[in-house]
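Letter by letter, the chains look like this.
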Amino acid sequence: MGKRVEIPTESLLQELLAFIDDVVDDLGSREEVNYVYEIIQRRTGADRQLAVYEQTGSLQAVVDYIVSETEQGLTI
Amino acid sequence: MATVAVPTFTLGIEEEFQVIDPETRELRSHLAEMFAQGEQRMGEQIKREMHQPVIEVGTNICPDMRAARKEVTKLRTEIVRLARQNGMRIAAAGTHPFTHWSNVEITDHERYAKLIYDLQMVARANLIFGLHVHVAVEDPDTRIHIMNAVRYFLPHVFALSVNSPFWCGTNTGWKSYRAKVFERFPRTGIPDYFGSASEYEDFVKTLVVTGCIDNAKKIWWDVRPHPFFPTLEYRVCDVPMRIDETLCFAALFQALTYKLYRLFSRNQGWRLYRR
Numbered sequence: 001m002g003k004r005v006e007i008p009t010e011s012l013l014q015e016l017l018a019f020i021d022d023v024v025d026d027l028g029s030r031e032e033v034n035y036v037y038e039i040i041q042r043r044t045g046a047d048r049q050l051a052v053y054e055q056t057g058s059l060q061a062v063v064d065y066i067v068s069e070t071e072q073g074l075t076i
Numbered sequence: 001m002a003t004v005a006v007p008t009f010t011l012g013i014e015e016e017f018q019v020i021d022p023e024t025r026e027l028r029s030h031l032a033e034m035f036a037q038g039e040q041r042m043g044e045q046i047k048r049e050m051h052q053p054v055i056e057v058g059t060n061i062c063p064d065m066r067a068a069r070k071e072v073t074k075l076r077t078e079i080v081r082l083a084r085q086n087g088m089r090i091a092a093a094g095t096h097p098f099t100h101w102s103n104v105e106i107t108d109h110e111r112y113a114k115l116i117y118d119l120q121m122v123a124r125a126n127l128i129f130g131l132h133v134h135v136a137v138e139d140p141d142t143r144i145h146i147m148n149a150v151r152y153f154l155p156h157v158f159a160l161s162v163n164s165p166f167w168c169g170t171n172t173g174w175k176s177y178r179a180k181v182f183e184r185f186p187r188t189g190i191p192d193y194f195g196s197a198s199e200y201e202d203f204v205k206t207l208v209v210t211g212c213i214d215n216a217k218k219i220w221w222d223v224r225p226h227p228f229f230p231t232l233e234y235r236v237c238d239v240p241m242r243i244d245e246t247l248c249f250a251a252l253f254q255a256l257t258y259k260l261y262r263l264f265s266r267n268q269g270w271r272l273y274r275r
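Order-wise, the sequence lines are chains L and U. Going by the working numbering, the first residue of the first sequence is number 1, and it counts up by one from there. Going by the working numbering, the first residue of the second sequence is number 1, and it counts up by one from there.
Keep in mind that the hints were calculated from the coordinates and are not lab data. This one's a predicted model, so the numbers in the text were calculated from it and none came from an experiment. By construction, the Cβ of each residue, glycine as well, lies at the ideal position given by its N, Cα and C atoms. Wrong hints could be hidden among the right ones.
Some but not every residue of chain U turned toward chain L, in silico, with C-beta under 8 Å [to be verified]:
1. Asn126
2. Cys168
3. Ala255
Label-pair restraints from in silico Cβ distances [stated by the list, open to error]:
4. U:Glu201 / L:Glu54: 47 to 53 Å
5. U:Ala5 / L:Glu10: 35 to 41 Å
6. L:Gly73 / U:Pro63: 18 to 24 Å
7. U:Pro155 / L:Glu38: 43 to 49 Å
8. U:Pro155 / L:Thr56: 30 to 36 Å
9. L:Gly57 / U:Lys74: 33 to 39 Å
10. U:Pro140 / L:Glu54: 45 to 51 Å
11. L:Glu38 / U:Tyr117: 24 to 30 Å
12. L:Leu12 / U:Leu263: 17 to 23 Å
13. L:Ala51 / U:Arg266: 43 to 49 Å
14. L:Ile7 / U:Glu201: 45 to 51 Å
15. L:Glu38 / U:Arg187: 15 to 21 Å
16. U:Arg66 / L:Gln72: 15 to 21 Å
17. U:Phe203 / L:Tyr37: 38 to 44 Å
Partial list, derived from the structure: chain L residues whose beta carbon lies under 7 Å from chain U [what the hints assert, rightly or not]:
18. Val5
19. Ser11
20. Leu12
21. Ile20
22. Leu27
23. Ile39
24. Thr44
25. Ala46
26. Ile66
27. Val67
28. Glu69
29. Glu71
30. Leu74
Chain L extracted, bound-state conformation (with noise of 0.2 Å):
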C-alpha cells in the first residue's frame, strides 16, 4: 500500500540509503555514496547559489562561485 502520507525528503533519502546499502560494497562504490551526507550538509548546488546571491546580491558573484566550486579539487 505504500505510506500514502507525505514524507521528509531527508526520510526518503535514507530509504534509497537503505534500499542500496547491501550493494554498495560490492560495487566498490561506498565513499561515492557517502557523498549524500555531505551533500545534506552543505546543501544542494542551488541553495548553495542562492547563498552566495543573498549574501552578494550579485549574480556575476554567483558565477564565480559557479567556476570555482567547478574547479574545486583539480589541478589546473
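Fit chain U to the known structure of chain L by using the hints.
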C-alpha cells in the same frame, strides 16, 4: 531471466558545461578555435551542442566507480585547462544565472536547424546543462524491467542534484529551473511503464512512422534505454558543480540498477507505479 547473462553495470558519464567569459561572466559564443583545439586533444570525448557556449564531455566506458573518478577528473581538468588557455572559464550548473538564451549563437548544423524548425522558440530557449549517467544492462528486456522500477527513485536523486535556481537574471523560486525549461519539450520527464523491450520498440516505431521523430535519440526522458549503447541512461540531474556530486549521483544510479537487477534475478521486484 535465468538464461540471460548478468549485466556488466559498467559506467559512462557525460557532463554539459558552460563556457564563461571571465570579464562579463556571460556565456560565450564563437568558440570554433577552442573546439578545434579540444577535438585535437580529446577526440570524440568532447562534443559541441546546439548552443555555442555548451561543451559536452564524455568518459570512455568505466568498469567501476574508481575508474569513473579518474576519467571524470581527467576530463574536467582538460576542459578547464583548454578554456583557461583560451581566456575562458568553465562553469557547471543547470542554467546560467543571467545570460539570456536569445543572446546565444546556435551551432551551424543540419541537426540543430531541424530541431529549431520542429520546436521553434522552445528549442531556441533550451539553454540548459545536464548530467547523463549510463549504466550497462546488456539484455534489452532486463533493461526495460529495471527502467520501470527505477522510476520511483528518480525524484530522490533529482532532489539532491538541483543546481539551477536562476534563469535570465531572475530568481525563479525553483531549485532546478532547468527541469521547467526542458519540460516544454515533448517526450521528457518520467517515462510510462513498458511491458517488454518489444513493446518499447513498437512505441518507437510508431513515433518514427508517424513522423514525430526520426530516431530514438529524440526520446528525452529522465531515464531511457539508450538508442545505440546497451545502457540505461539517467538524464534527470542538473550538471553538478562539484566532481564529488557527479560521482555520487553516478554511484547512486549504478547501485539502484544493480540492486533492482538482483531483486529481479531472484524473482522479486520493487513496487511499480503509474507515471
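For each hint, the structure was consulted:
no.: 1; hint: Asn126; result: 19 Å, violated
no.: 2; hint: Cys168; result: 10 Å, violated
no.: 3; hint: Ala255; result: 4 Å, holds
no.: 4; hint: U:Glu201 / L:Glu54: 47 to 53 Å; result: 50 Å, holds
no.: 5; hint: U:Ala5 / L:Glu10: 35 to 41 Å; result: 38 Å, holds
no.: 6; hint: L:Gly73 / U:Pro63: 18 to 24 Å; result: 22 Å, holds
no.: 7; hint: U:Pro155 / L:Glu38: 43 to 49 Å; result: 20 Å, violated
no.: 8; hint: U:Pro155 / L:Thr56: 30 to 36 Å; result: 31 Å, holds
no.: 9; hint: L:Gly57 / U:Lys74: 33 to 39 Å; result: 37 Å, holds
no.: 10; hint: U:Pro140 / L:Glu54: 45 to 51 Å; result: 48 Å, holds
no.: 11; hint: L:Glu38 / U:Tyr117: 24 to 30 Å; result: 44 Å, violated
no.: 12; hint: L:Leu12 / U:Leu263: 17 to 23 Å; result: 19 Å, holds
no.: 13; hint: L:Ala51 / U:Arg266: 43 to 49 Å; result: 45 Å, holds
no.: 14; hint: L:Ile7 / U:Glu201: 45 to 51 Å; result: 36 Å, violated
no.: 15; hint: L:Glu38 / U:Arg187: 15 to 21 Å; result: 34 Å, violated
no.: 16; hint: U:Arg66 / L:Gln72: 15 to 21 Å; result: 20 Å, holds
no.: 17; hint: U:Phe203 / L:Tyr37: 38 to 44 Å; result: 39 Å, holds
no.: 18; hint: Val5; result: 16 Å, violated
no.: 19; hint: Ser11; result: 11 Å, violated
no.: 20; hint: Leu12; result: 5 Å, holds
no.: 21; hint: Ile20; result: 4 Å, holds
no.: 22; hint: Leu27; result: 6 Å, holds
no.: 23; hint: Ile39; result: 5 Å, holds
no.: 24; hint: Thr44; result: 5 Å, holds
no.: 25; hint: Ala46; result: 4 Å, holds
no.: 26; hint: Ile66; result: 4 Å, holds
no.: 27; hint: Val67; result: 5 Å, holds
no.: 28; hint: Glu69; result: 4 Å, holds
no.: 29; hint: Glu71; result: 6 Å, holds
no.: 30; hint: Leu74; result: 5 Å, holds
Checked against the numbered hints listed earlier, the structure breaks hints 1, 2, 7, 11, 14, 15, 18, 19; every other hint is satisfied.
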